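Single-letter residue listing:
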Amino acid sequence: MQRIGVFVCWCGSNIAATVDVNAVTETLAKEPGVVYATNYQYMCSESGQNLIKDAIRDQKLTGVVICSCSPRMHEATFRKAAASAGLNPYLVEIANIREQCSWIHKNKEEATEKAIILGRTAIAKVQLNAPLIAGESPVVKRALVIGGGIAGIQTALDIAEAGFEVDIVEKKPTVGGKMTQIDKTFPTLDCSACILTPKMVEVAQNDNIKIYSYSEVEAVKGFVGNFTVSIRKKARYVKEDICTGCGLCTEKCPQKNVPNEFNLGLDTRRAIYIPFAQAVPKVATIDPNYCTKLNTGKCGVCEKICTAGAIDYTQKDEIVEQQYGAIVVATGYNPIKLDNFEEYAYSQSPDVVTSLEFERLMNAAGPTGGVLLRPSDKTHPHTIVFVQCVGSRDVSGCGKPYCSKICCMYTAKHAMLCREKYPDTEVYVFYIDVRTPGKNFDEFYRRAVEEYNVHYIKGMVGKVAPSGGKLKVQASDLLNNEQLHIDADMVVLAAAIEPDKSARPLATMLTASMDTNDFFTEAHPKLRPVESPTAGIYLSGCCQGPKDIPETVSQASACAAKVIGLLAKDKLTCNPCVAHSDELMCNGCSSCANVCPYGAITYVEKEFRQPDRTMLVRRVASVNPAVCQGCGACTVACPSGAMDLFGFSNKQIMAEVDAICK
Amino acid sequence: MQEAMKARAKELLADGSVNRVAGWKIGEFSYDITPAIFETAEEIDRDFVYDDFCGANLSKYLISQSRKEGKILVFLKPCDSYSFAQLLKEHRIIRENVYIIGIECYGKADINKIREKGIDGVLGIKESGSSFVIDSIYGEATVPKMDVYAERCLVCKSKKHAVYDELIGEEGDVVPSSRFDKVAELEAMTPDERFEFWRGELSRCIRCNACRNVCPACSCENCVFDNPNSGIANKAAADSFEENMFHIIRAFHVAGRCTDCGECSRVCPQNIPLHLLNRKFIKDINEFYGEYQAGENPDEKAPLTNFTFDDCEPSIVYKRGGNQ
Chain A
1 MQRIGVFVCW CGSNIAATVD VNAVTETLAK EPGVVYATNY QYMCSESGQN
51 LIKDAIRDQK LTGVVICSCS PRMHEATFRK AAASAGLNPY LVEIANIREQ
101 CSWIHKNKEE ATEKAIILGR TAIAKVQLNA PLIAGESPVV KRALVIGGGI
151 AGIQTALDIA EAGFEVDIVE KKPTVGGKMT QIDKTFPTLD CSACILTPKM
201 VEVAQNDNIK IYSYSEVEAV KGFVGNFTVS IRKKARYVKE DICTGCGLCT
251 EKCPQKNVPN EFNLGLDTRR AIYIPFAQAV PKVATIDPNY CTKLNTGKCG
301 VCEKICTAGA IDYTQKDEIV EQQYGAIVVA TGYNPIKLDN FEEYAYSQSP
351 DVVTSLEFER LMNAAGPTGG VLLRPSDKTH PHTIVFVQCV GSRDVSGCGK
401 PYCSKICCMY TAKHAMLCRE KYPDTEVYVF YIDVRTPGKN FDEFYRRAVE
451 EYNVHYIKGM VGKVAPSGGK LKVQASDLLN NEQLHIDADM VVLAAAIEPD
501 KSARPLATML TASMDTNDFF TEAHPKLRPV ESPTAGIYLS GCCQGPKDIP
551 ETVSQASACA AKVIGLLAKD KLTCNPCVAH SDELMCNGCS SCANVCPYGA
601 ITYVEKEFRQ PDRTMLVRRV ASVNPAVCQG CGACTVACPS GAMDLFGFSN
651 KQIMAEVDAI CK
Chain B
1 MQEAMKARAK ELLADGSVNR VAGWKIGEFS YDITPAIFET AEEIDRDFVY
51 DDFCGANLSK YLISQSRKEG KILVFLKPCD SYSFAQLLKE HRIIRENVYI
101 IGIECYGKAD INKIREKGID GVLGIKESGS SFVIDSIYGE ATVPKMDVYA
151 ERCLVCKSKK HAVYDELIGE EGDVVPSSRF DKVAELEAMT PDERFEFWRG
201 ELSRCIRCNA CRNVCPACSC ENCVFDNPNS GIANKAAADS FEENMFHIIR
251 AFHVAGRCTD CGECSRVCPQ NIPLHLLNRK FIKDINEFYG EYQAGENPDE
301 KAPLTNFTFD DCEPSIVYKR GGNQ
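Residue numbers (my numbering), protein chains in the order written: chain A, 1 to 662; chain B, 1 to 324.
Read the hints as simulated data drawn from the structure, not as lab findings. Among the hints, a few may not be true.
In silico lysine to aspartate or glutamate, EDC-like type, Cα no more than 20 Å apart, as pairs [to be verified]:
#	chain 1	residue 1	chain 2	residue 2
1	A	Lys472	A	Glu343
2	B	Lys68	B	Asp239
3	B	Lys68	A	Glu607
4	B	Lys25	B	Glu39
5	A	Lys316	A	Glu240
6	B	Lys68	A	Glu605
7	A	Lys171	A	Glu343
8	A	Lys651	B	Glu42
9	A	Lys501	B	Asp181
10	A	Lys606	B	Glu69
11	A	Lys662	B	Glu221
12	B	Lys235	A	Asp658
13	A	Lys501	B	Asp311
14	B	Lys25	B	Glu42
15	A	Lys171	A	Glu109
16	A	Lys298	A	Asp287
17	B	Lys283	B	Glu69
18	A	Lys662	B	Glu242
19	B	Lys182	B	Glu96
20	A	Lys606	B	Glu104
21	A	Lys606	B	Glu96
22	B	Lys89	B	Asp165
23	B	Lys89	A	Glu218
24	A	Lys501	B	Glu221
25	A	Lys463	A	Glu482
26	B	Lys235	A	Glu656
27	B	Lys68	A	Asp317
28	A	Lys421	A	Glu46
29	A	Lys651	B	Asp165
30	B	Lys301	A	Glu218
The following residues of chain B were derived to be distant from chain A, with all beta-carbon distances above 10 Å [to be verified]:
#	residue
31	Glu11
32	Lys117
33	Glu170
34	Val214
35	Cys223
36	Val224
Since we're looking at a predicted model, the values are computed, not measured. Quick reminder that beta carbons are idealized off the backbone N, C-alpha and C, glycines included.
Make a model of the complete structure from these sequences and hints.
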């Protein structure tokens, strides 16, 4: 006979204000199998836990139901408390009457009724709970960082510094990410490359770090502590270990008209290229879309010119399989496409540029050698209009509903740099709000306005019309309530930023969750900001939300700390709530193995005695409990109901449904 | 056709290539053809039948037969071969122990349609051009084939075999089929009308389990309806609707694996159009995940147990009016 104890938590007023905890306790006390029911102000407190422990001992409880907050908060607390009182921790069930009840209801009567139903459901389930013993699994002491921008670099360096091996997978031919394209950094105006390249070199030189450049993650299997990742090393048609990075080939290649993505298409490069001078690894890459040799079979100039003999036109993509204990996502961001913002004439005039393009136009390694010239006629612009929030904070559906966070500051920087280098330039900034919450950020913005006389105008630009070599800008000044017409030479658009397109398929591979904007969701927005809800997956940089460099680096280091914490462990306690197959019911049809995301299911030929006493060999499923993560996909796919989950058996779930529908 | 099949079966038995033959023989009545296993040439000579009443799909019998000693010869019509291939994919049949002779098929007669023509006491059936000549205790009657072909044959999806070792007769092609027309008609109904339609049909069910027992996809070692642990076996129905759920549960269990062989409706003694439930699933799968024919391609991943980035989101249920 079951002896179940019910413990109803008030959570201060969080639950008690909306749910009549006494009524819940009294009603649940009458449920079959319940021998003890009580309520307490804070069940998670030391005294609350003691209440549970004492009741387990005194009442000889065989099952415990705690009506409290989400199991994600205190399930571990209560399981430990039960274990210390001698009850198997998996005989504890939580009824979530806070997040799923008191917090979302106003009417006390209804909320109380629902709390009773939720409690009854947990009682129905705990009646069928079985004691479970958790196993252990080893931790592979190597981390994978996906993305080699500043976020990935910092995380990798910190993990490597702690003595663990780290691999960086970067889809571009070089690490460095967006920061390599940025000219100066706010609020100190130091040169971006000057602070980034030492870190890139450090990554290249660190013995614990291996860089897979020009590579992408192809498939991910496994689970926390033991991921198996397939990495596709794309063919660069250059032998990485032989190429010296002399760059001779990139000068002699006859295919000159390839848009240079490093300079955002503002100039051209050759079909064989090294993205920029400080690239890591400094190895040439052949662009298969433009290479004449690869497309027509004729040419071969680079092969002839290469003294090292590094060119290999027959190179194929290579798949490398590697084990990791932890995976860090650092896939970064991109500016949005501006197709929905035709009013700014981005596609009509080359003198309308995005802020990132503007960075290249100001940069010494950029297409103009650091001299600010209009892309159209290479003349010096005298009037520049900056438009803020192009696609940010946009609820019309054309852009993004969120604030891109970095635009206010980099626009202040651009405006300031223009005025500094070219005092004869008039600079206008159109803004909705200027947001400067950061150390020395507001001071920086004030300097732009006060010392550099940048014209900050609250209002939006309605239209940009190219006309006679000028850009006619129509805008409204909301503070003075007037319409403005400015004849500008250049217009710079602060395009919203969005997560890299590779993030969503990657999230699917990792079974990591994302929000509606394709930013990865963190395990807890405040308390676990660098972990994904999927164990073993960590988040670094803009893949989690828009961030500037200081914030990205802080988060990257925080992320590394979490990874180090995991890799420092030798063994992880497994979740005993795993699947198992009833061999007498199993058809051996492979449905479960087809849906298992972890590859936990194998098949064995086994002999069974038939009703007529003859023996028959059948193919049956067998679950590896160390690999199974208890997702339950197999239990649903199994046509015969042979697959079941410990702790969440089909019977338990049906009992819960019955209790709710009673 | 029948003689060619018999001759080849005896030949294969004689040279020891196979030990048994799966075919058909006459059951209680001449139109009531039953699957049968033959072990000797004498048995074949005496009982083996192949005529226009041989609708029964032999695939399912291979699950147990292929596990026995020796090799078995089986005759598969195109639609049967899909069921066979699907079972093969599910590792239910041991392929090495089966020798398949694919046989051509242009449609089988439906005894109910013959009876609707006023022909009773049927003794036999013969082909004659585009007609069947039906012999009965009241004499011979001639009916156009199209009038008495089974529904599943009128909307045949393929005259091409999914799998075979040798062929008797001509191999056909996958043919265009209007098999989803009736499903579309049901979809066009209001939810209330549809509910009434199915209540009307399913309320006739006597739970004889014939549909389950004949279905090649319903071949679990231990069916949930027979498993005391499932909570639904031998359960007294709480209301008249609960009994109807049997068919809905069954349709879910075979979803994505049903090849639309139509055996469920053929054997139903209450003439419930059970195949429509399965076809609804097939139609939905085609629309949600792209055209998919269970059993057609042994290497293809089944859409319901596979994930691709193009898969529809669950919200499609609401977009298609599932929240009504």
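The hints, checked one at a time:
For the proposed pair Lys472(A) and Glu343(A), the alpha carbon gap of about 11 Å is at most 20 Å, so the pair holds. Restraint check for Lys68(B) and Asp239(B): the C-alpha separation of about 43 Å exceeds 20 Å, so the hint is violated. About 14 Å separates the Cα atoms of Lys68(B) and Glu607(A), which keeps this hinted pair within 20 Å; it holds. Between Lys25(B) and Glu39(B) the alpha-carbon distance is near 13 Å, which keeps this suggested pair within the 20 Å criterion.
Among the hinted pairs, Lys316(A) with Glu240(A) is consistent with the structure: their alpha-carbon atoms are about 13 Å apart, no more than 20 Å. Between Lys68(B) and Glu605(A), the direct Cα distance comes to roughly 16 Å. Compliance with the 20 Å bound is thereby established for this hinted pair. Straight-line distance between C-alpha atoms of Lys171(A) and Glu343(A) comes to about 34 Å, which puts the hinted pair past the 20 Å bound. A threshold of 20 Å between alpha carbons decides the hint, and for Lys651(A) with Glu42(B) the separation of about 53 Å lies outside it, so the pair is violated.
Between Lys501(A) and Asp181(B) the CA atoms are separated by roughly 41 Å; this puts the pair beyond 20 Å, and the hint is violated. Of the supplied pair hints, the one linking Lys606(A) and Glu69(B) holds, its CA atoms being roughly 17 Å apart against a limit of 20 Å. With a C-alpha separation of about 33 Å, the suggested pairing of Lys662(A) with Glu221(B) is violated against the 20 Å cut-off. Only pairs whose Cα atoms come within 20 Å are accepted, and Lys235(B) paired with Asp658(A) is accepted, the gap being roughly 15 Å.
Pair hint Lys501(A) plus Asp311(B) holds up; C-alpha atoms about 18 Å apart against a cutoff of 20 Å. For the proposed pair Lys25(B) and Glu42(B), the alpha carbon gap of about 13 Å is at most 20 Å, so the pair holds. About 57 Å separates the Cα atoms of Lys171(A) and Glu109(A), which puts this hinted pair outside 20 Å; it is violated. About 15 Å separates the Cα atoms of Lys298(A) and Asp287(A), which keeps this hinted pair within 20 Å; it holds.
Straight-line distance between C-alpha atoms of Lys283(B) and Glu69(B) comes to about 40 Å, which puts the hinted pair past the 20 Å bound. Between Lys662(A) and Glu242(B), the direct Cα distance comes to roughly 16 Å. Compliance with the 20 Å bound is thereby established for this hinted pair. Only pairs whose Cα atoms come within 20 Å are accepted, and Lys182(B) paired with Glu96(B) is rejected, the gap being roughly 39 Å. Simply put, Lys606(A) and Glu104(B) have alpha-carbon atoms about 38 Å apart, too far for the 20 Å limit, and the pair is violated.
A hinted pair counts as satisfied when its Cα atoms are at most 20 Å apart, and Lys606(A) with Glu96(B) qualifies at roughly 19 Å. With a C-alpha separation of about 17 Å, the suggested pairing of Lys89(B) with Asp165(B) holds against the 20 Å cut-off. This hinted pair does not check out: Lys89(B) and Glu218(A) have alpha carbons roughly 27 Å apart, beyond 20 Å. Only pairs whose Cα atoms come within 20 Å are accepted, and Lys501(A) paired with Glu221(B) is rejected, the gap being roughly 46 Å.
Proposed proximity of Lys463(A) and Glu482(A) is supported: the alpha carbons are some 15 Å apart, at most 20 Å. Straight-line distance between C-alpha atoms of Lys235(B) and Glu656(A) comes to about 19 Å, which keeps the hinted pair within the 20 Å bound. Proximity of Lys68(B) to Asp317(A) is assessed by CA-CA distance (about 47 Å); at most 20 Å being required, the pair is judged violated. Between Lys421(A) and Glu46(A), the direct Cα distance comes to roughly 64 Å. Violation of the 20 Å bound is thereby established for this hinted pair.
Using a Cα cut-off of 20 Å, the hinted pair Lys651(A) and Asp165(B) is violated, with the two alpha carbons roughly 45 Å apart. With a CA separation close to 19 Å, the supplied pair Lys301(B) and Glu218(A) stays within the 20 Å bound. Once the 10 Å rule is applied to beta carbons, Glu11(B) is consistent with being away from chain A; the minimum gap is 31 Å. The claim that Lys117(B) is not at the interface with chain A holds, since no C-beta of that chain comes within 10 Å of its own (minimum 40 Å).
Remark: the non-interface label on Glu170(B) is consistent with the geometry, its nearest Cβ contact in chain A lying 33 Å away (cut-off 10 Å). Its beta-carbon lying about 17 Å from the closest one in chain A, Val214(B) satisfies the requirement of being farther than 10 Å from that chain. For Cys223(B), the condition that its CB be more than 10 Å from all CB atoms of chain A is violated, with the nearest at approximately 7 Å. The claim that Val224(B) lies off the interface is violated: its Cβ sits roughly 5 Å from the closest Cβ of chain A, which falls inside the 10 Å cut-off.
Of the numbered hints stated above, those contradicted by the structure are hints 2, 7, 8, 9, 11, 15, 17, 19, 20, 23, 24, 27, 28, 29, 35, 36, listed in ascending order.
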